[in-house]
Amino acid sequence: MNIINLENITRIYQVGSEEVRALDDISLRIDKNEYVAIMGPSGSGKSTLMNILGCLDTPTSGKYDFKGINVSDMSDNELAEIRNREIGFVFQTFNLLPRSNAFHNVELPLIYSGMHSLKRKEIAKETLASVGLEDRVHHKPGELSGGQRQRVAIARALVTNPSIILADEPTGNLDSKTGEDIMLLFDAIHKQGNTIILVTHEEHIAKHAKRIIRLLDGKIERDE
Amino acid sequence: MSNYIFELKEGLIIALKAIRANKARAILTTLGVVIGICAVALMSTTIKGMDIAFEEGISSLGSDNLYIDKWAWFSNEEFWKMRNRKNLKLSDYEKFKNLAQLPIAVAPTLWIVKKVEFGNNYVEGTLITGSTNEYLKTTNFDFDEGRFFSAIESRSSRNVVVLGKEIADHLFKSKNASEKYIKISGIKFKVVGILKKQGSNLLGNFNPDKQVYMPIGAVFKHFERASKRSIAIIVRARNTSMVEKTKEEAEEIMRRVRGLMYDEENNFSINQQEGLTQNYDKTVGVIKIAGLFITGLSLLVGAIGIMNIMFVSVKERTREIGIRKAIGAKKRTILTQFITEASTICLIGGVIGLILAVLLSMAINKFLPTSIQFDTVILAIVISLITGVLAGFAPAYTAAKMDPVEALRYE
Ligand SMILES: Nc1ncnc2c1ncn2[C@@H]1O[C@H](COP(=O)(O)OP(=O)(O)OP(=O)(O)O)[C@@H](O)[C@H]1O
Ligand SMILES: [Mg+2]
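Residue numbers (our numbering), protein chains in the order written: chain Y, 8 to 231; chain Z, 79 to 489.
Just so you know, the hints here were simulated from the structure itself, not pulled from any lab data.
Any given hint might turn out to be false.
[As the list claims (entries may be wrong)] Restricting the straight-line Cα-Cα distance to at most 16 Å, the calculated cross-link-like pairs of lysine to aspartate or glutamate (EDC-like) are:
(1) Z/261 / Z/195
(2) Z/251 / Z/231
(3) Z/215 / Y/88
(4) Z/409 / Y/83
(5) Y/214 / Y/224
(6) Z/409 / Y/230
(7) Z/274 / Z/195
(8) Z/274 / Z/484
(9) Z/479 / Y/85
(10) Z/479 / Y/83
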């Protein structure tokens, strides 16, 4: 059963009078519990693809079915709801709220989903523990190491129990040892039955995935 | 709905956090609102104080009184016409009093202005009211010491006076005044009573605190020739609902007393305090409009300050907005968050402004019988919240409609 079904997706950026084809007629299926790495040189359209997969951006043309539902022409509010319930994001630069502690950062998606406070706090605590941060609950991002910050971000992505986890160069800002630790965490998350799509430049990171999609100039060059 | 309350609560928590992170800026921004709300509270308190003072003053004069006078107090009737009217004489008063059925009191009055002295103390330009003992029934006077002059003193035009509180304080300082003699134009008058403070500065010299009362006969005996001056007749109706009837009767009787034919115009006027009230409303109306303008202006300045700082805050937190949107915040959520933040800043400013106003109103209290009331507090809080919502809307809207991808890329 496929979660993601892209048909002829094109994303064009208008820069001045020039058109940039960031994605050019991409078709792609991803099934439940797949572990996919997206690779490709800088500017090949990896982030653009992730943004569309994550319903942060909408394609210029083409059709995107998410769990069998066409999201290409959904309203902003409906997309926000999909992002909240179905998608977990992990970014290269962590993107945590700097003034909030780890706990509140993880709790936030549940706040937006309208979950009751007691249940929410319990789940947030559990999720933080599952990424090994039970003793860093009240630390702010500035008081955490890079690896710990990324663990908070992963906990935040996991907390709503989403259908897919999207990670755009999650190890890009980490040293190789810490990066490897984070990848082991992703492996564990995948084993629990989650669907993971990650972008990376590095072959040894991509090795963790079971499937590698290579992009070049907005087109799929190879899919193995 | 419950979802909205929930978002509001979360927005409030976020707002407090954001304000705490930027204390200095929040304080500076709030200053405009502080001043604006302080102005709102003081202005509404002052106006209320003036109203209360005026009403107290009016009621100390007796609120159901009619004043039959040669002159119309508040009218556009031509001056020369009124000037040519016959003076009202004491004999007119006597006739009127005998015929009138409805009033509970009828008293003649004549005002003169003199210097009053006691030892080395004196008050220049004191308004002296000459009347009879019935005058008391047209007022709501209370006494600090002594009494009003009696019917006998009145009838026999004795040299007795009743002093308003301020006059007594000036002449006697803290000494006992009863049974002492004061001098007016070198003539000695015995003080038989001193009034309680009436508190009505808005009435100017007509404030009973600043007056001296004596038998009208004494005025004619010592200061005025009866033929030269026109008296006024105070007529007190039984109650407010009887004022109109009493007035009709008074007009009819006065026409008879003055010997007017059916086709002749009244050669007297019947005045009412309504005229005084209308006059007051006109004056205070101007003050109210000016006050509204000033407070409106200072609130506008405050609101612009808040709007400005909220725009800066939204810009600075572009990335935060991107993050929130990525994890599922809706437009409405972001809108609520920033409006709540602006309102919270305004509310804090409003509370500080109110505290400031309470302190300042203690100073105003020296002039007006007033203090900040509960409804003023509510008004100030509501206005500061509204200011926050209005000032926060545009920045919040900018935040809400940001594109998440752009916002996340923002450096
Ligand atoms: N907001 C934008 N406006 C205009 N052009 C854009 C925008 N975002 C991306 N592009 C262009 O689209 C193309 C693909 O960009 P994208 O960010 O997807 O590349 P990428 O594969 O993620 O690169 P990198 O590895 O450097 O992150 C690039 O040519 C880029 O210049
Ligand atoms: Mg990229």
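Structure-based check of each hint:
The hinted pair formed by residue 261 of chain Z and residue 195 of chain Z meets the criterion: a straight-line CA distance of about 5 Å does not exceed 16 Å. Between residue 251 of chain Z and residue 231 of chain Z the CA atoms are separated by roughly 27 Å; this puts the pair beyond 16 Å, and the hint is violated. The hinted pair formed by residue 215 of chain Z and residue 88 of chain Y fails the criterion: a straight-line CA distance of about 79 Å is larger than 16 Å. Of the pairs offered as hints, the one joining residue 409 of chain Z and residue 83 of chain Y holds, with about 8 Å between alpha carbons and a cut-off of 16 Å not exceeded.
A C-alpha spacing of about 23 Å is found between residue 214 of chain Y and residue 224 of chain Y, which places the hinted pair above 16 Å, so the restraint is violated. Distance check on the hinted pair: residue 409 of chain Z and residue 230 of chain Y sit about 37 Å apart at the alpha-carbon level, beyond 16 Å; violated. Using a Cα cut-off of 16 Å, the hinted pair residue 274 of chain Z and residue 195 of chain Z is violated, with the two alpha carbons roughly 20 Å apart. As the CA atoms of residue 274 of chain Z and residue 484 of chain Z are separated by approximately 75 Å, the hinted pair breaks the 16 Å bound.
Proposed proximity of residue 479 of chain Z and residue 85 of chain Y is supported: the alpha carbons are some 15 Å apart, at most 16 Å. Taken as a hint, the residue 479 of chain Z and residue 83 of chain Y pair is honoured in the structure, with Cα atoms around 10 Å apart against an allowance of 16 Å.
The structure fails hints 2, 3, 5, 6, 7 and 8 (numbered hints given earlier, in ascending order).
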